[in-house]
Structure formats: C-alpha cells, structure tokens
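Listed here are the chains, written in short residue letters.
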Amino acid sequence: MRTYSLLLVLFTLLLTGSLFAQDAQSIVAKADVVVNAPQDQTANMKMILIDKNGKEKVRETTFLQKGTEKRIMRFTAPADQKGIAFLSLPDDIQYLYMPAFHKVRRIASHVKNTKFAGTDFTYDDLSSFEYAKDYDAKQLSENDTHWVMELKPKADIKKDYGMLKMSIRKDNYYPEKIEYYDKGGNLWKVMTRRQIEEIGKYWFSKEMEIKDLKEEHSTKMILDNVEFDTGISDKTFTKRYLKRAK
Amino acid sequence: MKKIADLVMKYRLIIIIGTIIITIFFGYQLKDAKVNSDVLTYLKPDDPAVVLFNRIGDEYAGTALTLVGIEADNVFEYKTLQTINNLTEKIKAVDGVATVMSLTDILDIKSVEGGLEVGRLIDKNNISSDPKELQNIREYALAKDMYNGRIISPDGKITLIIARLKQQAEKEAIAEEIQKITWDTASDYRIYFSGMPMQMLEINDIVETDMARLIPIVIIMLLITLYFSFRTLRGVLLPLSAVLISTIWAMGLMTLLGIDQSIVSNGMPVLLIAIGSAFGIHMIARYKESVLSCPDKETCIKDALAEVGVPIVLAGATTMIGFFAFAGSYLTVVTHFGVFTGIGVGFALIVSITFIPAILSYLKQPKIRKTAQGKEDNLLARFMDRLAHFVLRKEKLIVFSAGIIIVLAVIGIPNLHREVNMTEYFKKDTDIRLAEEMMEENFGGSTPIQIVVTGDMKNPFVLKEMRKLEKFMETVPYVNHPQSVADLICEMNKVMNRHYTIPDRREGVTNLWFFMEGESVMEQLVNAEASEGIVQANLGTVKTQEVLKVVDTINDYVTNRLDKNLIAIQNVDVNQPGIQEYLTDEIASSILLDTYKRDEDADVNKKELKNKILAIQKIKTVQFDNNALVIIGEQMDDFFLDESEIIIEDETRAVLIRRDIVKQLESGVLPSQSSLLQILKRRLPFLSAEDQELLPETAHSIQVILNETYKYEKIMAGVERLLPLFPQELQSKAKFRDELRDDLWVLNDNNLALPLALVEKNSLKGEKIELKAEQSGMPLIFTRLDESIMKSQFQSLIIAFTLVTLILMIQLKSLIGGLIAVSPIALTVLLNFALMSYLNIPLDMSTIMIASIAIGIGIDYSIHFTSRFKEEFARNKSEFEALEKTLKTTGRAILINALTVAMGFIVLVLGELVPMQRFGWLTAASMLISAFGAITFLPALILLSKAKFVGDFNRLEALQKINGAKKKFKSVVNNYKNKMDRK
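As you go down the protein sequences, you meet chains X and D in turn. Going by the working numbering, the first residue of the first sequence is number 1, and it counts up by one from there. Going by the working numbering, the first residue of the second sequence is number 1, and it counts up by one from there.
Please note: incorrect hints may appear among the correct ones.
Claimed, not checked - Estimated spans, in silico, between C-beta atoms of each pair:
#1 X:Ser233 with D:Asp188: 54 to 60 Å
#2 D:Ala615 with X:Ser233: 49 to 55 Å
#3 D:Ile647 with X:Asn225: 27 to 33 Å
#4 X:Asn44 with D:Asp188: 33 to 39 Å
#5 X:Ser233 with D:Tyr596: 56 to 62 Å
#6 D:Pro685 with X:Asp92: 37 to 43 Å
#7 D:Lys681 with X:His102: 17 to 23 Å
#8 D:Glu651 with X:Asn225: 36 to 42 Å
#9 X:Asp92 with D:Trp183: 24 to 30 Å
#10 D:Asp642 with X:Asp51: 37 to 43 Å
#11 D:Gly668 with X:His102: 22 to 28 Å
#12 X:Asp92 with D:Asp47: 49 to 55 Å
#13 D:Asp46 with X:Asn172: 55 to 61 Å
#14 X:Glu227 with D:Glu634: 38 to 44 Å
Stated by the list, open to error - Here chain X is said to cover these stretches of chain D; the calculated rule only asks that three of the stretch's residues, wherever they fall, bring their Cβ under 8 Å from a Cβ of chain X:
#15 152-163
#16 491-505
Said to hold, decoys possible - In silico lysine-lysine, PhoX-like type, Cα no more than 25 Å apart, as pairs:
#17 D:Lys471 with D:Lys733
#18 D:Lys297 with X:Lys183
#19 X:Lys52 with D:Lys144
#20 D:Lys364 with D:Lys297
#21 X:Lys214 with D:Lys92
#22 D:Lys714 with D:Lys607
#23 D:Lys166 with X:Lys152
#24 X:Lys165 with D:Lys90
#25 D:Lys543 with D:Lys428
#26 D:Lys297 with X:Lys57
#27 X:Lys52 with D:Lys166
#28 X:Lys159 with D:Lys79
#29 X:Lys52 with D:Lys92
#30 X:Lys57 with D:Lys166
#31 X:Lys103 with D:Lys681
#32 X:Lys103 with D:Lys79
#33 D:Lys180 with X:Lys239
Hint data in this document are derived by calculation from the structure and do not stem from the laboratory. Note that the Cβ used here is the ideal one computed from N, Cα and C, for glycine as well.
Could you put together the complete structure from these sequences and hints?
Below, the structure is given as structure tokens:
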C-alpha cells in the first residue's frame with residue numbers, strides 16, 4: 001500500500017514532466033494522493049478557534065489516523081473537555097466518548113454541514129480530503145509555482161458549496177489553498193495550509209487554517225510530534241479503545 | 001419697537017433678498033431629512049437600560065429581530081420548505097444580517113437508534129419530497145418545545161424565518177430589503193412581517209406619507225381662513241409665505257444639525273403653519289387699520305409695526321416658552337420637537353415683522369372699505385353680546401362650574417395611563433397589528449424579553465437557577481417560551497441520559513456543552529467566555545400597562561427571590577437537619593410551577609405533595625418490571641459485544657454474566673461494584689494477567705450502566721406515586737409526567753446548591769455560587785420610556801407654568817393679577833387631563849405635549865383679554881360696560897384665532913399614527929377651551945374677586961355710594977315732603 005502510493009506519486013511526477021497539458025482532474029487526483037499518502041499518522045493537534053473579536057479558544061488533542069478514513073481525536077485540554085474523544089470510521093460512522101457519563105455514543109449526522117466541535121470545519125469538510133472523487137475539476141490559471149483549479153460538485157453529489165478554487169503547488173502537488181464558494185457564488189470559506197514540509201517520505205502541512213468569512217470566525221489546526229507509519233493497530237479504532245484509552 | 005420699524009424700512013431690500021437666500025439654503029438641507037423611529041434612540045444614550053440593551057444587541061445580536069411569517073395549509077410540503085429554504089438563504093446573504101433561523105436551518109438534538117444526533121431539523125440540501133417522511137418531521141417538530149410556538153405555529157400552518165440583525169446595521173433598510181426578497185420569493189403565500197425593524201420601517205413610511213398628505217391640507221385650511229379674513233391676495237399670500245418660510249427654516253435647521261425627524265416631530269410643520277400664521281395676520285390687520293389714519297405708505301407700515309410689535313412679540317415669547325419647556329426632557333425626541341418648534345415659532349415671528357412689512361412696502365397701499373363687516377360678524381357680535389350678559393349675571397355659576405371641573409380633574413388624573421409601546425401606535429387594521437396578533441396567537445408575541453445572568457455558565461447550579469427563573473417566567477402572564485443555554489444542556493442531557501435536567505457536576509455540563517460548541521444559537525445565548533448568559537422569552541402583549549406589570553414581576557424575582565447566596569456542596573448527606581426539608585420544598589415548588597403554568601386553578605394538596613416527595617427520597621429498593629429487566633439484559637449484551645474493557649470471546653460466558661446480574665437486580669437492590677467484580681471473576685476464571693487487570697474497570701462500567709437504570713426506575717416509581725395528587729387532565733399528559741420526573745431527579749444528585757443559612761447550620765464546606773441577574777430587553781426600555789414620559793410631563797408643565805405666570809405678573813405688575821390671568825390656562829390643562837382620563841386616552845410621546853402647548857398658546861388669550869379689559873376699565877367705564885366692549889372686540893378676535901389654530905391642529909386627525917390623531921384633536925379642543933375660558937371664566941373671576949390689577953373697583957363703588965346716598969337723601973326729603981304735605 002505504502003509503496004504503491006509512493007510509486008503513484010513518482011509516476012505522476014514523471015508524467016508532469018513529460019506531458020504539457022495534464023488534465024485538471026488528474027492533477028487534483030494527484031493532490032489527493034499526496035495529502036492522503038501516509039499509511040498512518042499520530043500527532044498532537046492544537047486547534048485554535050478565533051472569533052470575530054479576535055478572541056481565541058485553544059483545544060489540544062492527540063490525533064491518530066490510519067488510512068484516510070479511520071481517525072481518533074482525544075481532547076487533552078482545556079480541562080473542561082479533557083477525555084472527550086472522537087472516533088471516525090468509514091461510511092460516516094462516528095462515536096463520541098463522554099468521560100463525565102462514562103458513555104460511548106454513536107453520533108449520527110444526516111446533516112453533514114454541522115460544524116465539528118466548534119471549529120469552522122463541518123463534518124463533511126473533515127470526512128476525507130479526496131476531492132477528485134466528489135468534484136469535477138477545471139483549470140482556471142497557472143503560474144510558475146501553482147495551478148489554480150475550479151472544482152464543481154459532481155452532478156449526483158450534494159455539497160454546501162457551489163464551487164471550490166484550489167491552488168496546487170507544482171513542485172509537490174500539495175494543495176496549498178482552497179477557497180469555498182457558496183451556491184450564490186460568494187466566497188464563503190478559505191482554507192490555507194502552511195508549513196508544508198517533507199517529513200520522511202511524505203509532504204505534510206503542519207498548520208491548516210480555515211476562515212469562515214460569513215461568520216467572521218476562523219480555526220487554526222497546528223500539528224506537532226508528527227509520526228508516520230508507526231503501524232497503528234485496527235483495534236485502536238474501536239469503541240472499546242475509545243472508552244479505555246487514557 | 002419704533003426703532004426696529006425704522007430699521008426694517010431702511011433695510012427692506014436686504015431683508016427680502018436675505019430671507020429668500022436663507023429659505024433656499026434651508027430648503028436645500030431638507031433633501032437630507034430622515035425619519036428615525038428607533039425608540040431606543042429616544043432615550044438618553046447613557047441610560048443604564050439603554051447601555052445594557054445595546055450591549056446585548058452588540059454581543060448576542062439579540063435585540064433587533066426581524067420576523068417573516070409564511071402561512072400555508074401545511075408548511076411541511078416540499079414546495080413550501082423549498083421556498084422557506086430559498087428565502088432563508090437569501091436573507092442570510094443580506095448585509096447586516098447576523099444570523100437567520102428557520103425550519104430549514106435550525107439546531108436539532110435528538111436521540112437516534114444507538115446514539116444521538118446534533119444536526120438540523122431539516123437538511124436544507126436534501127429536503128425530502130416524500131409526504132410520509134414530511135409528515136413524520138411535522139409531528140416530530142410539533143411535539144418539541146424547541147420548535148412548537150417558536151418556529152412553527154401549533155397548528156403547523158405558519159412558520160417563522162427569524163433574522164437577527166447586527167447592532168450597528170441600518171435596520172429599516174434591511175427590513176425593507178427582507179420584505180422585498182420575501183415578496184419576490186414567496187408571493188404565493190400569506191406573508192406576515194413582524195419585529196422592531198419592520199415596525200420602524202412601517203412607521204417611517206407613515207410619517208413620510210402623513211407629512212406629504214397633511215401639509216397640503218393644513219395649507220388649504222389656512223388659505224380659506226385667510227381669504228375670509230382679508231379677502232385680498234396679499235392677505236392670503238403674505239401670512240402663508242411667512243409660515244412656510246419659517247417652517248422650512250426650522251426643519252432645515254434641524255436637518256442641518258443632523259437631527260432626524262421622529263414620530264413626534266412629524267406634527268411640526270402642521271403645528272407651525274397653524275400657530276405661526278397668527279403673527280402675519282396681526283401684522284396685516286394692523287396695517288389695514290393704520291392705513292385709515294396715516295399720511296403715507298411707509299409711515300403706515302411703521303405705525304402698524306410699532307403698534308403690533310409688542311403684543312405679538314409677547315405672544316410669540318409665551319408660545320415659545322410653551323415649546324422650550326420640553327428642552328431637557330428625558331426623551332430626546334420630545335426635546336428636539338420642543339426646541340425646534342419653539343425656534344420655528346420664533347422664525348415665524350421674525351419673518352412676520354421683517355419680511356412681511358418689507359414686502360408690503362413694495363406693494364400698493366390698499367383701499368379700505370369701511371363697511372367690510374359681514375353678516376357673520378353680526379352674528380358673532382350678537383353672540384358676544386349675549387355672552388357678556390351671561391358672564392355678568394352668572395359669574396358665580398361660572399366660577400362654581402370651574403370648581404367642579406377642578407374636582408373632576410383631580411379625581412380623574414390619577415387614572416391617567418401611559419402608552420409607550422410602538423405597536424399600539426398603529427391602527428388596529430394595519431398589517432403590523434395583524435401580524436402582531438398572529439404572533440401573539442401562535443408564537444407568544446414578538447417582543448423579546450431578556451434576562452442577563454452573570455455567572456459561570458458551565459456551573460451546574462448557575463444553570464439550575466436559570467431553569468428555575470425560566471419556570472417562574474412561564475407562570476407570568478403574557479411571558480412565553482423562555483429559553484437559555486440551560487435548556488440546551490437539558491435537551492442534550494435528555495438525549496444522552498433520558499432526563500431533561502442539568503447534571504449535578506461541572507464535568508457533566510461541559511461534556512454536553514461540547515456538542516453545541518460553535519452553534520449559532522449558542523452565540524445568542526452565552527458569551528464567548530461562558531461567564532454570562534441570556535434567558536430570552538417572548539412577550540405576548542402590546543398593552544403598556546401589562547408590559548409594565550410583567551417587567552415589575554420579573555424584576556421582583558430577579559432582585560428579591562433569586563438566591564444569590566447559594567453554596568455548592570459536594571456529596572451532600574441529605575439526612576443532615578433541614579436538608580431533606582429544603583430539598584422537598586424546592587421540588588414541591590418546582591412541581592407546582594409546572595402545574596400552575598398548565599392549570600392556574602389546579603387544586604393540589606401541598607402538604608400531601610411534600611409528604612410523598614419525602615417518602616420518595618427514602619425509597620431503598622426499586623421493583624424492576626420485566627420490561628426493564630429485558631432492557632438491562634440487552635444493554636449488557638451490547639456492552640460485552642463491543643464496549644466492555646475486557647473482551648469476552650466466549651459468548652456463552654457473557655450470557656451467564658448477564659443472567660447473574662439480572663438476577664441480582666430482581667431483588668430490587670443495586671449490585672455493588674465488588675459484587676459485580678465477583679460475578680465477573682466467577683464467570684471468567686481463566687484470564688491472562690493483562691486481562692485480569694481490566695476486570696475492575698469492566699465492573700465499574702457495568703455498575704455505571706446499572707446505576708443509571710436504577711436511578712431512572714426509582715424516579716419513575718416516584719412519579720407514579722405523585723400522579724394521583726393532580727387533576728385528571730394533567731395526569732394523562734405525557735409532558736407533565738416527564739416534568740415530574742425531571743423535578744424529582746434532583747433526588748438522585750449527590751451535589752447540591754444549598755442556601756447559606758442551611759450550610760452554616762450544618763457547618764458544611766462548599767463553594768459559593770457567584771450569580772447575578774438583570775433584566776433587559778424591549779419591555780424594560782418601555783418602562784424607561786414610561787418613566788421618562790411622566791418626568792417629561794411634570795418637568796415641562798412646571799417650567800411652562802412658572803415662566804408664563806412670571807411673564808403675566810410682570811406684564812400686569814401684580815402677583816394676584818398674574819395668578820388670576822393664568823387661571824384659565826390652568827383650568828384648560830386640568831380639563832385636558834380630565835378628558836384624557838375619562839375618555840381613556842393615554843399619555844404618550846405626543847399627548848404629553850398638549851398641556852405645555854396649551855399654556856404657550858392659550859396664555860395669549862389671557863394677555864389680550866386682560867390688557868383690553870384694563871384699558872376699557874380705565875376709561876372710566878363700569879366693569880359691565882368694559883366687559884361688554886372687551887368681549888365684542890378682543891373676545892371676538894380671541895375666538896377667531898382659537899378657531900383658526902384649532903382647525904390647523906384638527907388636521908392631524910387625518911394622520912395614520914394614533915398618537916398624532918389624539919394629539920391633534922385634543923390640542924384643538926384645548927385651544928377652544930382656553931379661548932372660552934379666557935372670555936368667560938377669566939372675567940367672572942375678575943368680577944368676583946374685584947382684583948385690583950385691572951383697576952380700582954372701589955372707585956365705582958364710591959360712586960355708587962354717593963348715588964345711593966343721594967337717593968336716600970331724596971327719599972328722606974320726599975318722605976319729609978309727603979309728611980309735611982299730609983300735615
């Protein structure tokens with residue numbers, strides 16, 4: 001799996017060099033691959049929520065991910081929320097552990113545009129970063145360093161957004177910036193990835209910021225102590241583990 | 001005055017050109033004239049209530065609510081929901097709109113199979129077209145307090161789209177935009193608009209159309225009056241131009257100084273035209289008179305100006321005093337109105353004694369027909385003649401009647417009520433009133449009430465006190481649907497733990513809070529630091545008196561009944577003295593609030609209720625029925641399948657453990673953790689060391705599950721015990737049973753908030769709960785307006801009375817004289833209040849001005865009358881002759897003047913705003929009353945008191961004595977003669 005995706009990246013990189021007109025869809029698909037390349041990852045994630053008056057709220061979590069769809073996020077700070085933990089599994093299955101009641105509850109969400117834990121990300125925004133699957137891409141412009149793609153939801157896919165504009169770096173296919181437009185064509189949210197570094201064999205951004213222009217609210221996610229491919233067991237991503245882990 | 005006359009004549013051209021330039025300048029300013037109907041700005045901005053209100057508006061976007069109601073046979077249809085969604089999204093996009101809530105974008109918290117969901121009631125991106133599914137949503141929404149009566153009417157036919165506007169936004173402009181969007185998007189439906197911004201928009205429209213409609217009417221009235229008075233073009237045009245010029249100046253100046261028009265000042269032009277014309281009329285009339293006896297035009301004008309100058313300046317000054325008395329009013333709009341109308345009167349005065357004579361000097365000298373007296377005048381003369389005789393014969397009756405009026409007024413005045421709610425200013429058949437009625441009927445009203453609670457919003461006991469406050473509010477008449485963050489926590493707790501309560505630990509609150517983090521409804525209910533929260537509710541009445549009562553009732557609770565000295569105690573032992581009783585009282589009162597809000601007259605045996613609650617506290621064993629045991633069994637199965645700390649591979653072992661546990665429960669006692677551990681150890685003998693370690697944790701998890709069920713069943717058993725105490729109708733209500741459960745739930749809590757006395761009595765240690773509450777919202781603003789209206793009324797009355805009386809005293813050079821001359825006005829003011837009281841007309845921002853205006857204008861009549869009477873009396877006439885002469889000349893003029901001014905005011909009756917209508921006819925009535933008072937009551941009082949200021953009554957008496965003595969002497973002489981003759 002790991003080698004496969006790596007090969008894919010290399011292959012596509014080779015392709016870029018040889019072909020002038022890559023089609024937009026495949027560039028976006030490559031970007032998806034780059035972002036989702038690690039087999040698993042662990043990190044400490046700090047979430048900073050900034051309201052319109054510039055007031056900040058800080059959340060700290062430990063973060064585990066395997067593949068693109070299995071994820072555990074456990075809150076370590078503030079004290080208020082310590083111990084609350086999220087488990088996301090494929091097919092939109094999510095569980096939440098509430099230490100105060102010693103209970104694990106399935107979180108159903110037929111409405112994916114609900115915000116996740118006070119951040120500016122909806123559950124849908126976070127569910128996966130695979131854009132080529134849900135959107136049709138068209139190249140808008142390019143310069144020496146970036147392509148700018150226009151992404152429109154595929155006919156059978158319902159999204160909150162009418163259109164996305166994605167800036168993809170030419171050197172490593174990393175999608176640096178995404179602008180989300182509402183169905184009326186107004187710019188709504190802007191996601192920016194910063195501190196894009198090569199850690200081991202993967203490209204990775206340590207800071208991701210999303211700004212909701214309508215609500216004048218933004219969220220920064222800052223990762224550190226990042227480790228890749230430590231071989232996290234599937235057992236970790238279960239209700240049992242969610243409740244137990246300290 | 002003579003000097004001024006000379007100056008006017010000298011600079012007549014400059015005056016004319018200057019007046020025209022100034023008029024053009026001020027007229028140009030009028031293009032920027034704006035109407036401001038935001039009652040909040042009518043109060044002083046540093047008023048604490050205003051400061052708080054603005055802060056709430058700023059921080060919670062909670063004060064400017066714009067409501068759009070959409071009515072359909074059934075709102076839950078695909079097409080309608082689509083329309084609502086379109087509308088919602090379009091309104092969201094309007095600049096200045098903070099948040100929008102509607103059926104297609106509203107928080108929903110519910111439990112679903114195996115879990116819970118925090119999402120939206122309807123997914124706007126996936127609105128179902130399946131009628132069956134929509135029917136389910138309808139039933140679900142109507143069953144939920146979060147929606148029923150808040151966003152959807154109880155019959156499911158009307159739904160609201162609630163837009164909260166940003167505090168600094170241009171509210172009327174946004175309201176207009178929303179109206180337009182709504183008409184464009186939902187024209188197939190019956191539409192309602194409600195909320196402050198909508199009302200403001202409506203009022204602005206009305207003010208503008210009223211001005212456009214009423215000004216021409218009042219001008220026509222003036223034209224007619226002028227024509228009949230002078231029957232010349234100049235007699236019509238000159239006074240008219242004077243008032244129009246002065247009105248333009250006054251309004252232009254107001255705009256130039258950045259002062260908006262208001263629902264009070266919209267009467268200004270009409271008023272100025274009606275009042276200001278008098279000066280021009282006097283000027284021209286006097287000129288006509290002087291033409292008969294002067295050599296040339298210029299001298300005639302100078303003479304006229306010199307003669308008429310002093311009286312009209314005096315009259316103008318007193319009128320201005322009447323208006324200036326409003327300066328410094330507690331209501332800024334009233335101050336503005338008073339000051340600028342006063343200035344306008346001043347302008348009219350200035351224009352009348354400068355511009356008019358200047359123009360006259362360029363016109364040909366008129367030919368005066370000496371026989372210009374019409375038939376009407378004869379009629380009026382005859383009336384005056386009779387009136388004079390009446391006053392002479394019945395002076396005592398007149399004074400006595402005045403006495404009766406005073407008594408009636410004094411009785412009536414305390415019953416005067418006030419009206420400050422804007423909605424009441426609209427006529428009953430206007431769209432705004434109909435929308436308000438709809439809001440009251442279906443949504444508990446449109447006026448938001450807010451209680452600001454300061455304290456740690458994540459502290460369970462602060463939240464519990466908020467819930468208590470809400471429960472109390474529900475029992476206050478007209479207060480509906482209180483809501484706060486405490487309800488959201490309860491709602492979350494219900495889907496998490498099956499009871500609608502606040503957890504007894506902070507951690508419980510914060511865990512539930514986590515779900516709602518970032519929801520826009522949270523921003524409307526708590527601040528970012530969670531150190532302050534809002535309890536909001538709707539007020540379902542527009543009647544000011546009821547609103548005031550509600551504000552008082554809530555204030556009383558917040559200041560006196562809310563316990564601000566509670567101490568949070570961990571792990572309370574309820575067996576300590578007083579605690580059980582306290583708890584019982586608290587639960588009982590909570591249950592009674594739930595009872596009375598449904599049935600005010602419910603007959604509940606309180607003693608029995610408390611006894612039963614005490615008994616429930618002592619329940620030691622709970623009899624689980626089969627159903628409960630089956631459920632516990634299933635919970636255990638689920639637990640072992642994928643949640644238990646220890647993984648049990650062998651299913652039969654799990655079944656055995658479950659059986660053991662259920663067996664223990666059948667006895668009615670909750671198994672302890674150690675007994676559970678024993679069961680686990682017995683049934684799982686061959687464990688690895690690692691798994692062994694997991695056993696205590698597993699036992700703990702099982703105990704948590706069992707404990708919860710046990711507690712629930714215990715309380716439900718309690719509910720069954722309590723039910724027979726309540727009326728049959730309540731017993732059958734599922735909601736009421738749920739509330740009993742939630743009221744009793746505190747019996748399960750380990751941590752309690754106790755009053756200081758109880759804590760000290762038992763020497764308990766705990767943490768003081770910091771808690772403070774303060775009322776805000778529109779109703780409080782109404783009370784401030786109400787108080788301000790009273791203060792303004794008193795203040796302006798006192799100022800106007802004092803100043804006017806002083807002027808009279810100085811003019812008459814007599815203390816008593818001043819008092820007597822002011823008495824018809826005092827009478828008029830009293831009669832005005834008596835009328836308002838007995839005809840149930842409230843004091844509002846317009847009607848409070850009547851009294852002072854009556855003083856300002858009415859005083860002229862007294863001045864005119866007394867000075868003429870003095871003059872005639874001094875000509876050695878008897879008081880009777882003097883009176884007759886005064887009434888026929890000045891008396892007649894007074895009546896004509898009063899009629900003219902009253903006609904001007906009565907035009908306001910044609911306006912759309914109710915307060916302006918009342919103001920119009922009441923002021924008109926006051927004018928007539930004060931004129932009539934000046935020609936009846938005033939002479940009657942003078943005759944009766946024989947006050948010296950008019951002249952020496954004794955002079956006549958002495959004459960009479962001499963005459964009497966002569967007669968006596970004659971009769972004595974005659975008698976003597978007769979006697980002599982007989983002899």
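Hints and how they fare:
1. Judged by the Cβ atoms, the range 54 to 60 Å given for serine 233 (chain X) and aspartate 188 (chain D) holds: they are separated by roughly 59 Å.
2. Restraint check, alanine 615 (chain D) to serine 233 (chain X): a C-beta distance of roughly 54 Å satisfies the suggested window 49 to 55 Å.
3. Under the hint 27 to 33 Å, the C-beta atoms of isoleucine 647 (chain D) and asparagine 225 (chain X), about 30 Å apart, fit the expected range.
4. Judged by the Cβ atoms, the range 33 to 39 Å given for asparagine 44 (chain X) and aspartate 188 (chain D) is violated: they are separated by roughly 55 Å.
5. Our hint of 56 to 62 Å for serine 233 (chain X) and tyrosine 596 (chain D) holds, since their Cβ atoms are close to 59 Å apart.
6. The hinted range of 37 to 43 Å is satisfied by proline 685 (chain D) and aspartate 92 (chain X), whose Cβ atoms lie roughly 41 Å apart.
7. Between lysine 681 (chain D) and histidine 102 (chain X) the CB atoms are about 21 Å apart, so this pair conforms to the stated range of 17 to 23 Å.
8. Between glutamate 651 (chain D) and asparagine 225 (chain X) the C-beta distance comes to about 41 Å, which sits within the given range of 36 to 42 Å.
9. The beta-carbon spacing between aspartate 92 (chain X) and tryptophan 183 (chain D), approximately 40 Å, falls outside the hinted interval of 24 to 30 Å.
10. A hinted range of 37 to 43 Å holds for the C-beta pair aspartate 642 (chain D) and aspartate 51 (chain X), which are about 38 Å apart.
11. Between glycine 668 (chain D) and histidine 102 (chain X) the Cβ separation comes to about 24 Å, which falls inside the hinted range of 22 to 28 Å.
12. Restraint check, aspartate 92 (chain X) to aspartate 47 (chain D): a C-beta distance of roughly 53 Å satisfies the suggested window 49 to 55 Å.
13. Remark: the range hint 55 to 61 Å for aspartate 46 (chain D) to asparagine 172 (chain X) is upheld by a beta-carbon distance near 60 Å.
14. Checked against the hint of 38 to 44 Å, the pair glutamate 227 (chain X) and glutamate 634 (chain D) passes, with Cβ atoms roughly 41 Å apart.
15. Chain X is given as covering the region 152-163 of chain D, and this is violated because 0 residues of the stretch bring a CB closer than 8 Å to a CB of that chain, at least three being needed.
16. Beta-carbon proximity to chain X at under 8 Å applies to 4 residues in the region 491-505 of chain D; the threshold of 3 is reached and the given coverage holds.
17. Of the supplied pair hints, the one linking lysine 471 (chain D) and lysine 733 (chain D) holds, its CA atoms being roughly 18 Å apart against a limit of 25 Å.
18. With a C-alpha separation of about 79 Å, the suggested pair lysine 297 (chain D) and lysine 183 (chain X) falls outside the 25 Å cut-off, and the hint is violated.
19. Proposed proximity of lysine 52 (chain X) and lysine 144 (chain D) is contradicted: the alpha carbons are some 32 Å apart, above 25 Å.
20. The straight-line distance between the Cα atoms of lysine 364 (chain D) and lysine 297 (chain D) is roughly 8 Å, inside the 25 Å bound, and the hint therefore holds.
21. At most 25 Å may separate the alpha-carbon atoms for a hinted pair to count; lysine 214 (chain X) and lysine 92 (chain D) meet this at roughly 9 Å.
22. Annotation: proposed proximity of lysine 714 (chain D) to lysine 607 (chain D) holds, straight-line Cα distance about 22 Å (limit 25 Å).
23. Taking the CA atoms of lysine 166 (chain D) and lysine 152 (chain X), the gap is about 32 Å. The hint is violated against a cut of 25 Å.
24. Distance restraint check for lysine 165 (chain X) and lysine 90 (chain D): the Cα-Cα separation of roughly 23 Å lies within the 25 Å cut-off, and the hinted pair is therefore satisfied.
25. Taking the CA atoms of lysine 543 (chain D) and lysine 428 (chain D), the gap is about 13 Å. The hint holds against a cut of 25 Å.
26. Between lysine 297 (chain D) and lysine 57 (chain X) the alpha-carbon distance is near 86 Å, which puts this suggested pair outside the 25 Å criterion.
27. This hinted pair checks out: lysine 52 (chain X) and lysine 166 (chain D) have alpha carbons roughly 13 Å apart, not beyond 25 Å.
28. Restraint check for lysine 159 (chain X) and lysine 79 (chain D): satisfied, since their Cα atoms lie roughly 20 Å apart, inside the 25 Å limit.
29. A hinted pair counts as satisfied when its Cα atoms are at most 25 Å apart, and lysine 52 (chain X) with lysine 92 (chain D) qualifies at roughly 17 Å.
30. Taking the CA atoms of lysine 57 (chain X) and lysine 166 (chain D), the gap is near 23 Å; set against the 25 Å cutoff, the hint holds.
31. Taking the CA atoms of lysine 103 (chain X) and lysine 681 (chain D), the gap is near 23 Å; set against the 25 Å cutoff, the hint holds.
32. Among the hinted pairs, lysine 103 (chain X) with lysine 79 (chain D) is inconsistent with the structure: their alpha-carbon atoms are about 41 Å apart, more than 25 Å.
33. This hinted pair does not check out: lysine 180 (chain D) and lysine 239 (chain X) have alpha carbons roughly 52 Å apart, beyond 25 Å.
Consistency with the previously given hints fails for numbers 4, 9, 15, 18, 19, 23, 26, 32 and 33, ordered from lowest to highest.
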